[in-house]
Amino acid sequence: VGKSTVAVNLAAALAQKGLRVGLLDADVYGPDVPLMFGEEGRPKVTGAKGEEKIVPLERHGVKLMSLGFLLEPEQPAIMRGPLISGILKQFIEQVEWGELDYLIVDMPPGTGDAQLSLVQTVNVQGAVLVTTPQDVSTGDVRRAVRMFERVRTPLLGIVENMAGMHCPHCGEHIDVFGHGGGAVLAKDMHLALLGSVPLDPEVRIAGDEGKPTAISAPDSDAGRAFTAIAEQVIQALEGAAAAKR
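Everything in the sequence shown is counted per our numbering, starting at 81 for the first residue and increasing by one.
In case anyone wonders, no lab produced these hints; they're calculated from the structure. Please read these numbers as outputs of a predicted model, since none were measured by experiment. Fair warning: there could be bad hints in the mix.
[Said to hold, decoys possible] Below, computed lysine to any residue pairings styled on SDA-like, alpha-carbon distance capped at 20 Å:
1. K83 with T191
2. K324 with L196
3. K169 with D220
4. K169 with G141
5. K124 with F149
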């Protein structure tokens, strides 16, 4: 559904606003953040023995941590739930994130160990759910909504990705994956629709080249959508914080 694309561009759009942003790639089975940010380095470890801290890499103004930085190219991550939980906890507690305004966590798909470990390790301020318009995707997101509700994690809203495209030859709008699924889902779940991102081959190319669309093409339809989503996330979190005062 493009959740990593949304996470990468959300982080990039927030950083473009001058905010201090970190991006934690918690999708241990498919750690795509290094590729999508064009970063191939390895994090350094500092501190005395027993007090070591991992120094995140930084690209496009975003601090990055991913299992992909620690694996060899094409090396699979074969691990069970407890190990996943341990890695996620280490990436949160033993990484020298410094002062951040936002830490974006790109989660694996589904409702498994990684999601539960995250909400048990840190005080999650809000979850953004990513879907495509078709029923098979919105059904998965409905289950994710129920899971986050059960663990009392605030839901900021839904992002609809791949929401139609313009034919490069005739200019006609084509709903490749259906139409309006994100809006229907948001209404049914009583959540905000944070935005819809069009299906654009340039977004895929930008990701493959390590240049997030929110930075490389901010004035494109997709770039404007990512910026608007970032603004919606800021407003939702600020509104939630104000309500607690």
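Against the structure, the hints come out as follows:
1. A distance of roughly 14 Å separates the Cα atoms of K83 and T191; the hinted pair therefore holds under the 20 Å criterion.
2. Taken as a hint, the K324 and L196 pair is broken in the structure, with Cα atoms around 24 Å apart against an allowance of 20 Å.
3. A C-alpha spacing of about 25 Å is found between K169 and D220, which places the hinted pair above 20 Å, so the restraint is violated.
4. Proximity of K169 to G141 is assessed by CA-CA distance (about 24 Å); at most 20 Å being required, the pair is judged violated.
5. Annotation: proposed proximity of K124 to F149 holds, straight-line Cα distance about 11 Å (limit 20 Å).
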